[in-house]
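Visitor: Given next are the chains, with one letter for each unit.
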Amino acid sequence: MTNSELLLQPHNYPGRLIIVEGIDGSGKSTQIKLVQRWLVSLGYNVFFTEWNSADLVKKTTKRGKKSRSLTPTTFSLLHATDFAHRLVSNILPPLKAGMIVLADRYVYTAYARDHVRGCDRNWVRKVYGFAPKPDIAFYFKVPIEVSLKRITMARQVLKDFEAGMDLQLHPDPMESFRLFQGMILEEYDRMSAENDFCVISATGTISEQQKQVREVIGDRLETYQRKPRIA
Amino acid sequence: MSQLTFFGEGLPYIEAYDYPGVLITVEGTDGVGRTTQIVMLKEWLEVQGYGVIETGWTRSQLIGRTISQAKQGRSLNRLTYSLLYAADFADRLEKEIIPALRSGFVVLADRYVFTALARDVARGVDRAWVRDLFGFAPVPHLVLYLKIDVASLIRRVIPRGVIDYFESGMDLGMGDDPYDSFKRYQTTLIKEYNRMSQEFGFHEVNARWKPERMHTRLREIVTEFFKQRKFYDYRGAPSVDPPIIKADAPEPMIKTS
Chain A
1 MTNSELLLQP
11 HNYPGRLIIV
21 EGIDGSGKST
31 QIKLVQRWLV
41 SLGYNVFFTE
51 WNSADLVKKT
61 TKRGKKSRSL
71 TPTTFSLLHA
81 TDFAHRLVSN
91 ILPPLKAGMI
101 VLADRYVYTA
111 YARDHVRGCD
121 RNWVRKVYGF
131 APKPDIAFYF
141 KVPIEVSLKR
151 ITMARQVLKD
161 FEAGMDLQLH
171 PDPMESFRLF
181 QGMILEEYDR
191 MSAENDFCVI
201 SATGTISEQQ
211 KQVREVIGDR
221 LETYQRKPRI
231 A
Chain B
1 MSQLTFFGEG
11 LPYIEAYDYP
21 GVLITVEGTD
31 GVGRTTQIVM
41 LKEWLEVQGY
51 GVIETGWTRS
61 QLIGRTISQA
71 KQGRSLNRLT
81 YSLLYAADFA
91 DRLEKEIIPA
101 LRSGFVVLAD
111 RYVFTALARD
121 VARGVDRAWV
131 RDLFGFAPVP
141 HLVLYLKIDV
151 ASLIRRVIPR
161 GVIDYFESGM
171 DLGMGDDPYD
181 SFKRYQTTLI
191 KEYNRMSQEF
201 GFHEVNARWK
211 PERMHTRLRE
221 IVTEFFKQRK
231 FYDYRGAPSV
241 DPPIIKADAP
251 EPMIKTS
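Top line first, the protein sequences correspond to chains A and B.
Once you know that position 108 of the first sequence is 108 in my numbering, the rest is easy, because the numbers rise by one and skip nothing.
Once you know that position 38 of the second sequence is 38 in my numbering, the rest is easy, because the numbers rise by one and skip nothing.
Quick caveat, the hints were computed from the structure, so don't treat them as lab data.
Any given hint could turn out to be false.
Below 20 Å or equal to it, Euclidean Cα-Cα: the simulated DMTMM-like pairs (lysine to aspartate or glutamate) are [what the hints assert, rightly or not]:
| id | chain 1 | residue 1 | chain 2 | residue 2 |
| --- | --- | --- | --- | --- |
| 1 | A | LYS65 | B | ASP18 |
| 2 | A | LYS133 | B | ASP126 |
| 3 | B | LYS230 | B | ASP18 |
| 4 | A | LYS66 | B | GLU94 |
| 5 | B | LYS95 | A | ASP166 |
| 6 | A | LYS66 | A | GLU222 |
| 7 | A | LYS211 | A | GLU222 |
| 8 | B | LYS191 | B | ASP180 |
All chains should be modelled from the sequences, with the hints used to inform the complete structure.
Guide: Structure, rendered in structure tokens:
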């Protein structure tokens, strides 16, 4: 898939967009929170946002999940709506104002999930074509067994949608999680190169990973002015 | 074996069944009498023994309510507007339209993706993007386009009372005058419909005609189409139902400013 119309376009805003991706339990949320602490302590203006937190379609998605009436396409489009809402009202304003925006998951989550649920890969990429390309995209790569252990240790119970139970891959949540997240992992790996992912091996300790992440950000932020112009 | 043709990628996860039904969509801006025509068409087809399913725009069980609420709260931007309507359409497509086509029904759609394409482009969304977005939609077998000019439309709609906020594109902020906004928005819409009519081969019917005359014309088009498609009614014969209603003379042409 080298079709350039399927790739996100770089933005020209004064701010910077840094995103993290990875399967559930890869530790990406922990890492981005630490990045936030660090950047704030350095005096940067930082804005944090996460996937699926807009409330425009929250009720609908919830209702749909409960009644199992979402199809792969409606599931995908509702998430895209939610993302578009968040992009326009939360992500773009700070980017235009020259801030550093940290996003826990970005459109790549949709690329992976929607395809695993049955949508066409190219279609999903075109639908999200309105999103700007992140300045840095970290991908926390982790084996399924490690992520499964982390999740079950922390919460004991797997949520149905994390385990992809709606896909009816396997009646056992653990096994379903393995299969579902395995497919997601495959999708991440497949898109990694063409989307310039910065791959971090998520099997190391938290601080080892954080050190790598900070080094990358430090390098890339050299061209970024702390009090940049506003768009 | 009749397969569905899609605008783009289609729905990879639906099975390649036989789809003996027929998808007829009625397009046209607000106030051209689409609903009236659909009611008449449905009755006419049912009298001949065809199974008919009617479907509208923004009526899906899953998302219909969300759209109304979001519109009320005016919390929609151009992208979310397009996407929500696409989601709503996808829901209806997969739960109503596709099953009906599989069971051999005539599906009469009051508006179809063309409405979304016209509206979204009028709202300033990238044309190529909206088309890609609806790549999952099947291409209808027949598009009936009730065509009108802006001046006639305005004469018809304004006497009905208050102009709808979204139908006049007021959310686009093209000025605070509802009349001007309505005119400008509908002009863009009509232009976009006309462009698509050429591109996709819509069957145009003059919406300035009296409803009965339009209906007669629509019957002719549908009859001809069924014959070509060899879509038979219960008698096992193509529907050749001679028009019974006498056509009126067309209303005089009104010049657009």
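Visitor: For B/LYS191 and B/ASP180, compute the direct alpha-carbon distance and say whether it is at most 20 Å.
Guide: Judged against 20 Å, a Cα distance of about 17 Å means the pair holds.
Visitor: Run the distance test for B/LYS95 versus A/ASP166: straight-line Cα separation, threshold 20 Å.
Guide: Holds, because 17 Å separates the two Cα atoms, which is no more than 20 Å.
Visitor: Please verify whether A/LYS65 and B/ASP18 have alpha carbons no more than 20 Å apart.
Guide: violated, 30 Å
Visitor: Taken at face value, is the distance from the CA of A/GLU222 to the CA of A/LYS66 at most 20 Å?
Guide: The given pair, whose Cα atoms are some 47 Å apart, is violated under the 20 Å limit.
Visitor: Would you check the hint for A/LYS211 and A/GLU222, treating anything up to 20 Å between C-alpha atoms as holding?
Guide: With Cα atoms ~17 Å apart, A/LYS211 and A/GLU222 stay inside 20 Å; holds.
Visitor: Is the straight-line distance between the alpha-carbon of A/LYS66 and that of B/GLU94 20 Å or less?
Guide: The given pair, whose Cα atoms are some 18 Å apart, holds under the 20 Å limit.
Visitor: Just to be careful, I want the Cα atoms of A/LYS133 and B/ASP126 compared with a cutoff of 20 Å; is the pair within it?
Guide: Holds, at roughly 18 Å.
Visitor: Please verify whether B/LYS230 and B/ASP18 have alpha carbons no more than 20 Å apart.
Guide: Distance ~16 Å between B/LYS230 and B/ASP18 Cα, so the pair holds.
Comparing the model with each numbered hint stated earlier shows that hints 1, 6 do not hold.
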